[in-house]
Amino acid sequence: MADLTTNFIGIKSPNPYWLASAPPTDKEYNVVRAFKAGWGGVVWKTLGAEGPPVVNVNGPRYGAIWGADRRLLGLNNIELITDRPLEVNLREIKQVKRDWPDRAMVVSLMVPCDEESWKAILARVEETEADGVELNFGCPHGMSERGMGSAVGQVPEYIEMVTRWVKQHSRMPCIVKLTPNITDIRKPAEAAKRGGADAVSLINTINSITSVNLDTFSPEPMIDGKGAHGGYCGPAVKPIALNMVAEIARSPETAGLPISGIGGVTTWRDAAEFLSLGAGTVQVCTAAMTYGFGIIKELTAGLSLYMDQKGFTSVDDVVGRAVPNVTDWQYLNLNHVTKARIDQDLCIQCGRCFAACEDTSHQAISMSSDRVFEVIDAECVACNLCVNVCPVQDCITMETLPKGATDPRTGEVVGDYANWTTHPNNPMAKAAE
Amino acid sequence: MSNSPTTPGIVPARLHPEDYPRHFDDLYPDFDPHEARVAADRCYFCHDAPCITACPTEIDIPLFIRQIQNGQPEAAAKTIFDQNILGGMCARVCPTETLCEGACVREAAEGKPVEIGRLQRYATETLIAKGAHPYQRAASSGKRVAVVGAGPAGLACAHRLAMHGHEVTVFDAREKPGGLNEYGIAAYKTAHGFAAAEVDWLMQIGGIELRQGWRLGSDGTLGDLKAEFDAVFLGIGLAGVNALGIAQEDAPGARDAVDFIAELRQTPDVSTVPIGRHVVVIGGGMTAVDAAVQSRLLGAEHVTMVYRRGREDMSASDYELSHAANEGVKIITNAMPVAIHANGALREIEFAYTHAGETGLEPTGETFRLKADQVFKAIGQMLEGAPEELALDGRKLAVDSEGRTSLEGVWAGGDCTGGGEDLTVTAVAQGRDAAMSIHAYLTGTGG
Chain B
0 MADLTTNFIG IKSPNPYWLA SAPPTDKEYN VVRAFKAGWG GVVWKTLGAE
50 GPPVVNVNGP RYGAIWGADR RLLGLNNIEL ITDRPLEVNL REIKQVKRDW
100 PDRAMVVSLM VPCDEESWKA ILARVEETEA DGVELNFGCP HGMSERGMGS
150 AVGQVPEYIE MVTRWVKQHS RMPCIVKLTP NITDIRKPAE AAKRGGADAV
200 SLINTINSIT SVNLDTFSPE PMIDGKGAHG GYCGPAVKPI ALNMVAEIAR
250 SPETAGLPIS GIGGVTTWRD AAEFLSLGAG TVQVCTAAMT YGFGIIKELT
300 AGLSLYMDQK GFTSVDDVVG RAVPNVTDWQ YLNLNHVTKA RIDQDLCIQC
350 GRCFAACEDT SHQAISMSSD RVFEVIDAEC VACNLCVNVC PVQDCITMET
400 LPKGATDPRT GEVVGDYANW TTHPNNPMAK AAE
Chain R
0 MSNSPTTPGI VPARLHPEDY PRHFDDLYPD FDPHEARVAA DRCYFCHDAP
50 CITACPTEID IPLFIRQIQN GQPEAAAKTI FDQNILGGMC ARVCPTETLC
100 EGACVREAAE GKPVEIGRLQ RYATETLIAK GAHPYQRAAS SGKRVAVVGA
150 GPAGLACAHR LAMHGHEVTV FDAREKPGGL NEYGIAAYKT AHGFAAAEVD
200 WLMQIGGIEL RQGWRLGSDG TLGDLKAEFD AVFLGIGLAG VNALGIAQED
250 APGARDAVDF IAELRQTPDV STVPIGRHVV VIGGGMTAVD AAVQSRLLGA
300 EHVTMVYRRG REDMSASDYE LSHAANEGVK IITNAMPVAI HANGALREIE
350 FAYTHAGETG LEPTGETFRL KADQVFKAIG QMLEGAPEEL ALDGRKLAVD
400 SEGRTSLEGV WAGGDCTGGG EDLTVTAVAQ GRDAAMSIHA YLTGTGG
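Quick mapping for you: the protein sequence lines, in order, are chains B and R.
Letter by letter, the first sequence follows residues 0 to 432 of numbering that gives the first Met the number 0.
Letter by letter, the second sequence follows residues 0 to 446 of numbering that gives the first Met the number 0.
Think of the hints as simulated: they come from the structure by calculation, not from any bench.
The reader is advised that the hints may include incorrect statements.
Pairs of lysine to aspartate or glutamate residues, derived as DMTMM-like cross-links and limited to a Cα-Cα distance of at most 25 Å, are as follows [unchecked claim]:
1. Lys129(R) x Glu73(R)
2. Lys35(B) x Asp68(B)
3. Lys77(R) x Asp312(R)
4. Lys111(R) x Glu96(R)
5. Lys111(R) x Asp312(R)
6. Lys175(R) x Glu300(R)
7. Lys175(R) x Glu262(R)
8. Lys111(R) x Asp344(B)
9. Lys111(R) x Glu128(B)
10. Lys395(R) x Glu365(R)
11. Lys11(B) x Glu144(B)
12. Lys111(R) x Glu144(B)
13. Lys26(B) x Glu126(B)
14. Lys188(R) x Glu34(R)
15. Lys329(R) x Glu300(R)
16. Lys111(R) x Asp342(B)
17. Lys188(R) x Glu326(R)
18. Lys237(B) x Glu96(R)
19. Lys129(R) x Asp255(R)
20. Lys129(R) x Glu262(R)
21. Lys111(R) x Glu126(B)
22. Lys93(B) x Glu128(B)
23. Lys77(R) x Asp315(B)
24. Lys129(R) x Asp214(B)
Pairwise CB distance ranges, derived in the manner of DEER restraints [as the list claims (entries may be wrong)]:
25. Gly419(R) x Pro390(B): 29 to 37 Å
26. Val37(R) x Asn55(B): 29 to 37 Å
27. Gln135(R) x Asn55(B): 34 to 42 Å
From a predicted model like this one, the values you see are computed outputs, not experimental measurements.
Ideal Cβ positions, reconstructed from N, Cα and C, are used throughout, including at glycine.
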């Protein structure tokens, strides 16, 4: 059995699955249930400064999009940070950490952007003996309007400044949570690193309107006829999160900076993908909110089995394994020539490949009167659209032309690796010597 | 003392009164909106979809399913009705496994097609239940067309003609319109008076007059209609019933299955319909299945369907046959009736096993007898009462690809003509296409 224990910036947990700072981690009751179910750790729902807690709306906080059978694909929320008194949260954090010493206990924080506020809250958190703090620079709604959350996360200088205060006033490991609502995720990550952050976590939720009620013409979720953008999360955001994690993992400025991956982790496979792109732990929220804490059994068993099958003995064997294969477009091998191949035994003759190619692509699939679909190699640019729209797995595949073969589309012989940087059509091409 | 399944003879009320509504209710309940969306999501929206090709009325099935998927069953219904104004009934009675669902690529992929029939029913039901009729008549053309027969072919023809502004009079021999939809289909396939409701809904187009109780031949001739109207469409179906051609086939207890099915559809209380303890149905088509299954539903203890050829030759679909088997109908193939034994009342039927010989079907020499107090004959219907001036093609009216008969100004469609199977959906297609041909003829727009 593969060993799933993790040591992430000194914070140990029995597996890499943490519950993200969110409604499931707002109370002792929920967190204890999570730990009983087997979760490796939690990031306690964001604490605010001392004083009257924030208030939440009293109408719907969540909006969603679904598949046909109501499978939840994306969730959006307009909930704020914890609306419970600071003292209550701190007392419960301390108790839970004491009762569950082997689990990771990270506390998410969001206080006004001045040094005293941060200094004050950090002292209180240290007393709980929590394992670390996560700075919520990501929350895109409500708090950002008050100069916190993503309002900080969108300005690298602020990230650096606050992170520095945190490292200065606390001995605790510090994770900076990043907002995806920016142009280049590397900039805030670099700022966090400059400020002394031990790690970054990402992504926080994405600004979104899930739908519009076409009777009342109000965005969903709707409060008394009005709606405000909320944070989008769940399976739908995973590709965006994977890219942002990879960008930080492979950037020379931030390479090696520990990452806690967040964004649509629903299955062990999602988790393994985040790990392979450089995340040391993953944080989960929507999947737990959709299915309950019981999914942890599939998440841990699945990752463990996968690692056994691959011969990986520890989580670190997976972490970052795909990072070297993430590159820039200009370095992709232009002499890697593939052609679509349709397995006639598997083909069910739906014709979707034909419609896609004929209507929207390169007219590289022929259709006979008896519905036999075949690839025309002389037209196929290997775009992969037919593979993607085919409802039968492995019915259409991409076959690589061997070196020395002639591509019937271009008439050119498949040669050695060559990319755009040396391509004759590139005005900036360097001489290939 | 009340009757039971084991009461000898042909008697009513073999079951508890509460059993009847359940037995004769819809075989499948309608989809609810969520079920419909889940079922619709399975459609791949195939290019040049095989299901469309397989539908005699060429309904744009992927389009209507996509409309259901996106929450607009009324729009889906319009897509269906554009091609098939009796799409509601067809959704109930079409042998979908040999038509659209048989052609569905998911049938090839998984042996589990998209449930097109039920989705079509969901869509059409939604619109018809609202009482909304999505078509408007064109301005009156001043042309008058006589349609003989208010069955699927005649109604489809009449509706399409009315849409184009023609004045249509539908003549029908029965008391109620609908033809086989009203009289010839098992009750559980069209429960809750759907056939009549569908006709009422169809009539909302306006410009159609129904004249029931008018029989071609006795109440007027084709010549009369030709003289009075600008065009005539004949959708007269197959009024005659094939005979077994054996002794004592009219013995008490022997009956045509179509009459039994019609009686069940028309009676206000099915429990009053008498049924035998030992029922034998002779035939291998839908009519035979409908009679056999309903015999069981009425409480007959033993029901046997006997067909002279192999199962693969039965025109009833596999779905229908397994439904019959599930209902407890015993199916015997490769046996033909040779004698009915009766002494006053029916006692037994004697069958000879058959095999395919050089001259066709031949008896093997082996025979057997089935106990029978009631026999339903369902070996097919035939054209009867067709105007003599029309040419025949075999035993049916000869028509060209547009439904034109040998006589100018006279069209025909449905079961009374050759071409296609004798299905409701085929009749609708022929009625509709004949209407377009008539329209072109009346307006001088066609070739």
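Evaluation of the provided hints:
no.: 1; hint: Lys129(R) x Glu73(R); result: holds, 9 Å
no.: 2; hint: Lys35(B) x Asp68(B); result: violated, 31 Å
no.: 3; hint: Lys77(R) x Asp312(R); result: violated, 36 Å
no.: 4; hint: Lys111(R) x Glu96(R); result: holds, 10 Å
no.: 5; hint: Lys111(R) x Asp312(R); result: holds, 24 Å
no.: 6; hint: Lys175(R) x Glu300(R); result: violated, 33 Å
no.: 7; hint: Lys175(R) x Glu262(R); result: holds, 13 Å
no.: 8; hint: Lys111(R) x Asp344(B); result: holds, 18 Å
no.: 9; hint: Lys111(R) x Glu128(B); result: violated, 58 Å
no.: 10; hint: Lys395(R) x Glu365(R); result: violated, 35 Å
no.: 11; hint: Lys11(B) x Glu144(B); result: violated, 35 Å
no.: 12; hint: Lys111(R) x Glu144(B); result: violated, 53 Å
no.: 13; hint: Lys26(B) x Glu126(B); result: holds, 18 Å
no.: 14; hint: Lys188(R) x Glu34(R); result: holds, 20 Å
no.: 15; hint: Lys329(R) x Glu300(R); result: holds, 11 Å
no.: 16; hint: Lys111(R) x Asp342(B); result: holds, 21 Å
no.: 17; hint: Lys188(R) x Glu326(R); result: holds, 14 Å
no.: 18; hint: Lys237(B) x Glu96(R); result: violated, 41 Å
no.: 19; hint: Lys129(R) x Asp255(R); result: violated, 38 Å
no.: 20; hint: Lys129(R) x Glu262(R); result: violated, 30 Å
no.: 21; hint: Lys111(R) x Glu126(B); result: violated, 62 Å
no.: 22; hint: Lys93(B) x Glu128(B); result: holds, 6 Å
no.: 23; hint: Lys77(R) x Asp315(B); result: violated, 59 Å
no.: 24; hint: Lys129(R) x Asp214(B); result: holds, 20 Å
no.: 25; hint: Gly419(R) x Pro390(B): 29 to 37 Å; result: holds, 32 Å
no.: 26; hint: Val37(R) x Asn55(B): 29 to 37 Å; result: holds, 34 Å
no.: 27; hint: Gln135(R) x Asn55(B): 34 to 42 Å; result: violated, 53 Å
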